[in-house]
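Asks: Chains A and B supply the protein sequences, listed in that same order.
Numbered according to the numbering used here, the first sequence terminates at residue 369, and the numbering increases by one at each position without gaps.
Numbered according to the numbering used here, the second sequence terminates at residue 169, and the numbering increases by one at each position without gaps.
Treat the hints with caution; some may be incorrect.
Distance windows between CB atoms, simulated [to be verified]:
1. B/GLU131 to A/SER189: 51 to 59 angstroms
2. A/ALA264 to B/TRP17: 22 to 30 angstroms
3. B/LYS105 to A/VAL300: 43 to 51 angstroms
4. B/LEU18 to A/GLY304: 52 to 60 angstroms
5. B/LEU18 to A/PRO198: 42 to 50 angstroms
6. A/ASN196 to B/PRO143: 50 to 58 angstroms
None of these hints come from the bench; they were simulated from the model.
Virtual Cβ for every residue (Gly too), placed ideally from N, Cα, C.
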Amino acid sequence: MLESVAEWTGNLPWSIALRESYYVWPLMESAHVLTLGLFVGTAIVTDLRLLGWTMQQIPVSAVTSRLLPWTRLGFAGMAITGILLVFGNPLRYYHNLFFRVKVILLIVAAINVFVFHRGIHRRVAEWDLDPDLPRQAWLAGAVSLGVWSLIVVAGRMIAYNWFECAIQPQPDFVNWFAQCALEQ
Amino acid sequence: MPVDTDANWLWLFEWFEYTTPGIVVRESVWLFPVIEAVHLLGLCLLGGAVLVVDLRMLGLGLKRQTIAELAANLRPWLVGAVVLMFVTGLLLFLSEAVKCYYSQSFLVKMIALPVALIFTFTVRERVAATGGLQLSPWTRLVAAASMLLWFTVAAAGRWIGFS
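Using the sequences and the accompanying hints, generate a full structural model.
Replies: Below, the structure is given as structure tokens:
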């Protein structure tokens with residue numbers, strides 16, 4: 186089902202135009218990469234605060250409330266450029282191993298954000314300046330730092346064709362995971 | 007586009023390309039992508055360490071803290087990010103030095119980078135270290151210049167890959 190959606194999308198005139206454009210594609214890709222500085226950059230600073238590795242004398246709530254709007258803005262930029270990039274070449278991403286890994290990791294990152302904000306962050310006033318941060322807060326920072334780093338790495342690796350379905354033979358796991366259509 | 011000048015430095019770039027690390031990175035299938043990915047993680051950290059202070063110097067973000075407090079806290083991370091990006095960037099460069107020789111983007115980056123570094127560790131550092139809660143037009147100007155310089159370095163760096 187998803188594959189036919191990807192195929193249909195890829196045949197839209199706008200998708201073809203995007204894919205074949207000489208300047209728009211690299212500009213979009215550049216915007217996607219440069220926005221990392223704002224999005225992951227501000228997220229890292231927040232994570233480092235949750236780990237107690239920087240700005241220990243600044244309340245956690247100050248960091249989360251004052252930096253989060255910028256992290257959100259960065260995320261909006263990443264999402265818009267990212268969705269446009271997928272829109273421009275949906276079938277390739279659909280069967281790309283690293284893209285699939287990235288999507289799974291994005292879900293993990295989203296769960297971490299949800300758990301942190303619905304959980305320990307609600308009581309942030311109680312531990313705002315504690316030298317020993319609650320375990321859940323520390324863990325949220327560590328998971329965020331690790332998972333977003335892996336997302337960046339996976340995203341970068343999408344560009345390489347080592348595990349492309351069109352290049353066979355591939356290990357069975359790759360063909361299964363990327364749902365490669367194999368000729369019998 | 008070939009840059010042809012009277013002073014031809016091509017031999018030097020060829021020499022770079024045949025240094026041991028240059029050869030090792032170039033001949034490996036996965037080393038270049040992995041180093042490039044770490045270079046990108048360095049960009050994320052650098053982006054955060056630079057932007058949080060620059061935003062503050064523009065009166066945005068962590069407004070209740072002094073500029074000096076934020077700058078002092080983030081300085082080790084800024085230095086760490088610069089070192090990480092320098093080491094990984096050098097390895098990437100050595101593996102494809104001749105391509106870089108012919109790349110206009112690389113030239114732009116190599117001009118913007120020292121300017122950004124010197125500006126960051128002299129003018130910006132001095133302004134940030136003494137920055138309190140109040141802002142002056144000068145503080146804002148320094149922050150804007152910092153953002154513009156690092157943006158140029160990053161954008162030119164990304165564009166090397168397209169040439």
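Asks: Would you mind marking each hint as holding or not holding in the structure?
Replies: Right, here's what the structure says about each hint:
1. B/GLU131 to A/SER189: 51 to 59 angstroms: holds, 56 angstroms
2. A/ALA264 to B/TRP17: 22 to 30 angstroms: violated, 47 angstroms
3. B/LYS105 to A/VAL300: 43 to 51 angstroms: holds, 45 angstroms
4. B/LEU18 to A/GLY304: 52 to 60 angstroms: holds, 57 angstroms
5. B/LEU18 to A/PRO198: 42 to 50 angstroms: Since the Cβ atoms of B/LEU18 and A/PRO198 sit about 48 angstroms apart, the hinted range of 42 to 50 angstroms holds.
6. A/ASN196 to B/PRO143: 50 to 58 angstroms: holds, 53 angstroms
Checked against the numbered hints above, the structure breaks only hint 2 and satisfies the rest.
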